[in-house]
Each structure stands twice: as C-alpha cells, then as structure tokens.
Amino acid sequence: MRVLPSGSTAMLVEVDDLDEVVALYAALVDHPPEGVVDIVPAARTLLLVTDPAVGSLAAVERAVRATTPRADQHDHGELVEIPVTYDGDDLDEAADLLGCNATELVRRHTSAEWTVAFCGFIPGFGYLTSPTWTAAVPRRSTPRTKVPPGAVALAGEFSGVYPRESPGGWQLLGRTPLTMFDAAREAPAILRPGVRVRFVDEGAPR
Amino acid sequence: MTPSVTVLETGLLTTVQDSGRPGRAALGVGRSGACDLTSYRLANRLVGNAGNAAALEVTYGGLRLRADGDVVVVTTGARCAGTTPHNAPLRLRSGEVLELGPPASGLRTYLAVRGGFAVDEVLGSCATDVLSGLGPPVVTTGTVLTVGPSEHPHPGVDVAPVADPAAGDVTVRVTPGPRRDWFSDEAWASMVEQPWTVTSESNRVGLRLEGEALARERTGELPSEGLVRGALQVPASGQPVLFLADHPVTGGYPVIGYVDDVDVDRCGQLRPGQRLLLRDAQVRGGPPRGR
Numbered sequence: 001m002r003v004l005p006s007g008s009t010a011m012l013v014e015v016d017d018l019d020e021v022v023a024l025y026a027a028l029v030d031h032p033p034e035g036v037v038d039i040v041p042a043a044r045t046l047l048l049v050t051d052p053a054v055g056s057l058a059a060v061e062r063a064v065r066a067t068t069p070r071a072d073q074h075d076h077g078e079l080v081e082i083p084v085t086y087d088g089d090d091l092d093e094a095a096d097l098l099g100c101n102a103t104e105l106v107r108r109h110t111s112a113e114w115t116v117a118f119c120g121f122i123p124g125f126g127y128l129t130s131p132t133w134t135a136a137v138p139r140r141s142t143p144r145t146k147v148p149p150g151a152v153a154l155a156g157e158f159s160g161v162y163p164r165e166s167p168g169g170w171q172l173l174g175r176t177p178l179t180m181f182d183a184a185r186e187a188p189a190i191l192r193p194g195v196r197v198r199f200v201d202e203g204a205p206r
Numbered sequence: 001m002t003p004s005v006t007v008l009e010t011g012l013l014t015t016v017q018d019s020g021r022p023g024r025a026a027l028g029v030g031r032s033g034a035c036d037l038t039s040y041r042l043a044n045r046l047v048g049n050a051g052n053a054a055a056l057e058v059t060y061g062g063l064r065l066r067a068d069g070d071v072v073v074v075t076t077g078a079r080c081a082g083t084t085p086h087n088a089p090l091r092l093r094s095g096e097v098l099e100l101g102p103p104a105s106g107l108r109t110y111l112a113v114r115g116g117f118a119v120d121e122v123l124g125s126c127a128t129d130v131l132s133g134l135g136p137p138v139v140t141t142g143t144v145l146t147v148g149p150s151e152h153p154h155p156g157v158d159v160a161p162v163a164d165p166a167a168g169d170v171t172v173r174v175t176p177g178p179r180r181d182w183f184s185d186e187a188w189a190s191m192v193e194q195p196w197t198v199t200s201e202s203n204r205v206g207l208r209l210e211g212e213a214l215a216r217e218r219t220g221e222l223p224s225e226g227l228v229r230g231a232l233q234v235p236a237s238g239q240p241v242l243f244l245a246d247h248p249v250t251g252g253y254p255v256i257g258y259v260d261d262v263d264v265d266r267c268g269q270l271r272p273g274q275r276l277l278l279r280d281a282q283v284r285g286g287p288p289r290g291r
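Here the protein sequences line up with chains A and B, keeping their order. Per our numbering, the very first residue in the first sequence carries number 1; after that it's consecutive. Per our numbering, the very first residue in the second sequence carries number 1; after that it's consecutive.
Chain B on its own, in the form it takes in the complex (with noise of 0.2 Å):
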C-alpha cells in the first residue's frame, strides 16, 4: 500500500508548497511557493528528493499528523517544540504521530517526506497561493496526503548544521526600487536608518511594517506596474509592505526599494512584533548576503 500521512491538526495555516509556478505572470499568475526557499529546499535535500518536491508550510507550529505506512520525515526552518528532530531525517512508523509544538523562533517550519507529497499540480505546480486561490486547498484536519516515490538515494545525514532562524532583529540588505525617486533622500535615510516593526496584518503576500511613515516627494498616480519578492511598496500610508511568496504580479503604489532575493527567505521567518533593519546595501560596511 502506498503511504500517505493523515493530518489531525493544521495549526494556524498550513499549506503544500513547493518552489512556485514562474513564467505565468503575464497572464497575471504570481510565483507563489515556500515563503523560505532557503529550509524548503533544505528539507528536500535531508530526505533525498528532488528538488522542486511538495512539501507543508507550517505556520506558528501546532500541526499534527499521523503516518498511515512508514514514512521518513524531516522538518527545517522553524524548529517547533517537542520530541521531533530539527533538521534532521525522521522515520515514523506505520501509526505513529508526529506533533509540532509552537517555535522558539521563526515563524515557518517547512515538513517533507521522503518521495515528496503526491499532489496534483495546478499550472505547473503544488504551491497553494493565497493571493489568487490558485494550488491545492490549504490544509485541513482530516487532509490525507499520499506519500510519492522515493526516485533518489538517501543522502545519509544525520542533522544538518544550520542556525536557528533569529528571535531577534533582523538585519537586511536593499537597494534602491524602481520609484526611490518619488521619495526625498530625507525618506530613504529615514528607511535605512529606523527599525521597522512585523505588524499581525502580514502573511504570505507580504509584511506590512510599521514605523515612522515615508514621505512621497513626488505624488500622483503611478500606473501598475510589475514586480517581484522582496519589493518594499510604499502605500499612501507611508508604512511600506514588504512582498513574501504570494505577492501580486503588479502593483499600483511606488516601490521605494528592494530587498536582497537572498535576505528575503529570512523575512519569510519573522513574526508579528519582531523588528526589521533595512540596510543600505551600498554603504560600506553594510551586512554580508544571506543567512
């Protein structure tokens, strides 16, 4: 019998998402896919699948599921409370529960299985967008996710060294966004230079950020236009959003600058009340890429 897991308890949201549906966005279809790309595609690697392979993006913990068949699993990003292994291949007897606890930092813990979630895509891939609807339905209790076959050798490791996502704040690179010129220099320094606070309105469209507001130098309005993760939109309201995975494909406010691509899967990890540094990537002695 093929094996497939049975979820008894989903958390706040959790999805099945994989590494996006790109080259659709001219008919108006965003990328979508894990919000961190970086533990998403950690948790492939640990179980020996191929890289674009469904696995479940689990917010804020607290998701519950049964193995009906052996199965290995692993979960990455996030690392949740409780007895499960972090980054670390799991393997879970026929019957067995695995239960996530909330985490002690970060927001997302990415959950993958050996063979991958068989789900059926939608465009070209699993990932669940929630700005279009488009993907596989989120996950709900009683969801039964039918385990795919194991096609690559098992990498043989143990635990993967990776750090903690940050419980603190975090620090990332941008650069000036198409519009930084309808912005004073005045409002970019105020940018670079003040922390920004994760309000609870954020999810996996973007970060809405608070502080003090960015003033428009130029106003008027500013025909759609597209854009990509990672895009600081600066609203009427000067408190900008940040765009994460579920993004739209174009928007109709200034976008004052953007976050690094690489720095973006860490802005995937943070939480409602946590602080954001937007440095200046091109002042000298700015922080490295990445993690």
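The shape of chain A in the complex, shown without the other chains (with noise of 0.2 Å):
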C-alpha cells in the first residue's frame, strides 16, 4: 500500500490491484476512519477525502493502514438482475474482437456474475467486472458523441450501463430499459460498489 499526497484534504491509497481496491473499499466503508466524509475507489486507488474540521490527514493515515482488507466481497452485495435487449450497434464487432459470435457473446455476458467495483465517469456509471471474464475489448478507436440511456456496454476488463445520454468510447451491446440513476429515489445508483449483477436477456431480435 502507497499513501500518495492529495492536498490538505485527501490523501490517495495505492494498492496492487482491483481486488484489493474491492476489499479495503468493503472494509473502510464498514469502519470508516473518522473525519472521512467520501471513499472514492477506482482501479487501484482509493481516494480518501476528509473534513479537516474533524480528523487530521494523519490519523486517518493510520487508520487505514491498521485496516484488515475484507476478501469475500464477490459474494456479497446485494444481486441486482438487469434485463438487456442484445441489439447494440457494436454486438457483431465486439463478439469478432473477442474471437466468437454474437449468441456466444451474449451467453457469456449473461452467465457471468458481475461485481461494480467502482463507479466515475458520470453519476451512477458503475465499472463491473467477473471473475470469468478476462477478455478486454477496446475502445472503439473514434468515441460516440452520443450513447443513449441505458446502452450496455463493454471496454477494457470492464462492463457498463450508461445511465444517460453522454458521449463515450465503449462498444454497445444492447440496452435496458431500467433507469440507473434517478437523483429522486431514495437509493438514487442502482450500482454501487459492491453491488452484484446479472445481465437477462430479454430475447430481442438479434
């Protein structure tokens, strides 16, 4: 673990890998240290932001070094099903990249388990990944202007749901008619960290 200066209110915490950024992001959240006000974790950091007002950057330095990982956390979270219609723009050309066909691709989106194991880009985007997919896809070379709500997606290691119209650089593969992210709801991001997923497919006209 690297404890990487971030200003006079947030230290950053590197760690070796995307496991470990789950595991100490589970275990922070349970116990955070005190003064902490956000937990921002991301492929191999976790940022730390803090009130000044209530704990010093120091102590709360100390603090997450005397905290114990938790490594369960694939079983977890809460499971969320999200239905899918497969028809995305880029189904064909992802399912190339990936040396299979289109009903192949859908059935190993649909089998895996999917974990988010954080979220950024834009409010209730979250990156999920699966222990049995170790495939990475790349970005389409030219990134869309516009995604529309709801595409699901892949890029890198990584799967997604943009949860509102945006530009963005990942392949699509179909899309939901859930919406991901209402600011009105009590729990406004259907994916969080942690939270588990399924992809449904609802059987679309391929």
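Derived by calculation from the structure, the hints in this document are not laboratory data. The beta carbon of each residue, even a glycine, is placed where N, CA and C say it ideally should be. One or more hints might be untrue.
[To be verified] Quick look at which bits of chain A chain B covers, simulated, 3 or more residues with Cβ under 8 Å: (1) 5-19; (2) 38-50; (3) 117-125; (4) 182-196.
[Unchecked claim] From chain B, some residues computed to sit far from chain A (all C-beta separations above 12 Å): (5) L13; (6) L42; (7) G48; (8) A118; (9) G133; (10) E217.
The two chains are supplied separately, each in an independent frame; assemble them into the complex guided by the hints.
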C-alpha cells in the first residue's frame, strides 16, 4: 500500500490491483476513519476525502494502514438483475474482437456474475468486473458523441451501463429499460460499489 | 404572502449554490457547491442565515432581479458596478429592482437573501453541478425564487471589512500531488516559477491554464483515480487544469500537484486573462495561506 498526497484535505491510497481496492473499500465503508466524508474507489486507488475540522490526514492514514481488507466481497453484495435487449450497434464487432459470434458473446455476458468495482465518469456509472470475464475489449477508436441512456457496453476488462445520454467510447452490446440513476429515488444509483449484477437476455431479435 | 424574487436578467451564468453534496463521490456524484466558499459563507452570515443556505452565484455581474415582498439581501465576492452596497445587507422593498453591473475585479458574486432561497434539494444539496447536471436548473430570465423563513437572529452588521478579489496576479501555494513522480524536477520547477494565464475555456469545472507546457517524464496510461478541488491535472498537452467545484469525481491524467484548499476559493475568482502564480509551499519564504 502506498499513500500518496492529494492536497490538504485528501489522500490517495494506491494498492496492487482492483481486488485489493474492492476489499479495502468494503472494510473502510464498514468502519470509516473519523473525519472521512468521501471514499472514492477506482481501478488501483482509493481517495479518502476528509473534513479537516474533524480528523487529521495523519490520523486517517494510521487508520487506513490498520484496516484489514475484506477479501470476500465477490459473494456478499446485493444482487440485481438487469434485463437487456442485446441489439447494440457494436455487438458483432465486439464478438469478432473476442473471437466468437454474437450469440456466444451474449451467453458469456449473461452467465458471468458481475460486481460493481467502482463508479465514476457520470453519476451512477458503475465499472463492473467478473472473475469469469478475462478478455479485454478495446474502446472504439472514435468515441460516439451520443450514447443512449441504458446502453449496456464493454471496454477493457469492464462492463457498464450508461445511466443517461452522454458521449462514450465503449462497445455497445444492447440496452436496458431500467433507469440506472434517478436523483429523486431514495437509492439514486442501482449500481454502487459492491453490488452484484446479472444481465438477463430479454430475447430480442438479433 | 411569502416573499420571492423574480430574475429579470441573468448575466453570463447565474446558478443556485450552497456548500455542495459531499458523501456521494463513490456513486460518481461530485461535491459541487459555491466556487468561492469563503465569500458564499460570508454572504449567509451577513444576513443571519444557516451556514448552508442556498444563495445565487452570479458570474461576471449582469444579474437583475425584482423583490416581490420585502427582503434583505447581500452581495459578497466580486464587487459589481452600480448602486448596490457590497458586503453590506440591504433591504429591498417589494417591487424594488436590484441590478449588478460588471465587477471591477473578480468573477463571481454571491447574492444571499435573509431566509435563504427555498429551492428543492437534489441529493441533499441545492448546488447546481454544471458537469453532472445535478441540482436545480441554471437560473434563467423569469425564474422565481421563493424566500425561506428566517430562523436566526439578524447579525446587525453594517458592512464586513473584507478585501475585494485581486485584479492583478494571484499567488497560491501548491504541494506535490499523487503523480508528482510522473514529472521531472525541471517540470515541477517550471510549474512553480512561471506565471500561468487563465484561458477563456475556464468554467466551474476548472481553470484551464496556459503557459510553457509541462513535459511528462513517465508515459503510459494512468487508470482513472479520485481527485478533489485544487488538483492540478496535466493532460497530454502539458497545459494544466486546476479543478474547481464541479470537477469530475475521477480523472485519467496525472495530478502533479494540489493548490492548498484554503487558496482554491481565490482561484474561483480568477478571470480569463488573469495570471496565476503557483508557488511551492515547501519552499521557505513562500506566500501566506488563504486570503
């Protein structure tokens, strides 16, 4: 673990891989160090943001170093099912990149159990990983200026669902009718770090 | 009848702001809130509001509004041309119009009303986040803002003795950021020794700075990582971005340094064309912190 400076109110904790991020995040959410107002997990790091009036960065760093990561995260989060119509514009191309056909890609995507590793990019956008999904798909060389809301996509080792219309460079597999983020809901984001996800094929025409 | 104000003209950009929505960054929801929190808090104090009451953030003056019912208002931050007193509470009678001209210095003026503006919260805050689109819509001509009940005693201050935002060069303190080691010592020295010009592409998300490009020593992709306001991120162009209130929750370019949090408010008052001097906080004889 490396603790890197991030100004007078935050610190960046860097670990070896995403699994360590997920495990440390779960432990820190259960027992947040005093004075921490935000914990932002990412691919290799966690940012801890403090309220300087409550806790010092030095005390937070000591607490983080004394935290035991929870390694069992892939089995414990809430499970949500996301219905998908697999008719995305990049479905065939993504299948080609993975060396299979569209039907096989859908089978693999729906049989994997995904976990939200972290969020970012726009509110409610989760980066999903799966222990059974090891193939990396490159982003599109030219990002789209408009990806529709609910688009289910792949990039790198991740899958994701666009919560609203936005620019984006991920490969589009299909779409879900779910509203992924709604600020007026009590739980605004369906995808939060630690939530487990299964995609369900709605049997669309392909 | 509950008093309200009606916006007659907005200027370049007028938004509702408070101290933001911390605690949801893990969902991809940024903090947002007033760009110059010091001036925002002063405005609320001067009219006896709770610390987090919703106020207006006016960019480069140009706001005109009418009181519908008697209200007490105050402006802080950038001092606008016109007859409106600044840093001093002002009673507006029903029907009276307040008009803010362009500021002589600074960029953002905060207008608070005694009782606060009664705006629906989104995820616990009334801040308009221009990056994520969360929060109340941007204020437009014809927007009617209801005034909330005043719950605290009036502080009875005539005028707060605070300095106006600087018109010339602004100096702030920087400390090394998480990816300082992606840059050579020469690049760091170049950053803290040269003046940076604020470009017109700057907004509530961040200040785009222009100067002699900062060369990376280390190449390759950086997986996105969390950041807070004050981060100096260096994209491929080598021209740094200083993130302000509506910064993204994570960024994929290396953060070479951080402007001290107490200095970021002053950066929120910088206009395009103004120069920013980033001084190494760890060098003796550096500038004092804050205002």
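Going through the hints against the structure:
Three residues within the 8 Å Cβ limit are the bar, and the stretch 5-19 of chain A against chain B gives 8, so the coverage statement holds. With 11 residues having a Cβ less than 8 Å from any Cβ of chain B, the stretch 38-50 of chain A passes the three-residue criterion, so the hint holds. With 8 residues having a beta carbon nearer than 8 Å to a beta carbon of chain B, the stretch 117-125 of chain A meets the requirement of three or more and the stated coverage holds. Counting residues of the stretch 182-196 of chain A whose CB lies closer than 8 Å to any CB of chain B gives 6, which reaches the minimum of 3, so the coverage claim holds.
At roughly 21 Å, the least C-beta separation between L13 (chain B) and chain A is larger than 12 Å, which holds for a residue marked as non-interface. Chain A leaves L42 (chain B) outside its interface by the beta-carbon criterion, the shortest separation being 18 Å against a cut-off of 12 Å. No Cβ of chain A comes within 12 Å of the Cβ of G48 (chain B); the nearest lies about 22 Å off, and the non-interface call holds. For A118 (chain B), the non-interface assignment is confirmed: its Cβ lies about 18 Å from the closest Cβ of chain A, beyond the 12 Å cut-off.
Against the 12 Å criterion, G133 (chain B) falls within the reach of chain A, whose nearest CB is about 8 Å from its own CB. Here E217 (chain B) stays apart from chain A, with its beta-carbon at least about 16 Å from theirs, past the 12 Å limit.
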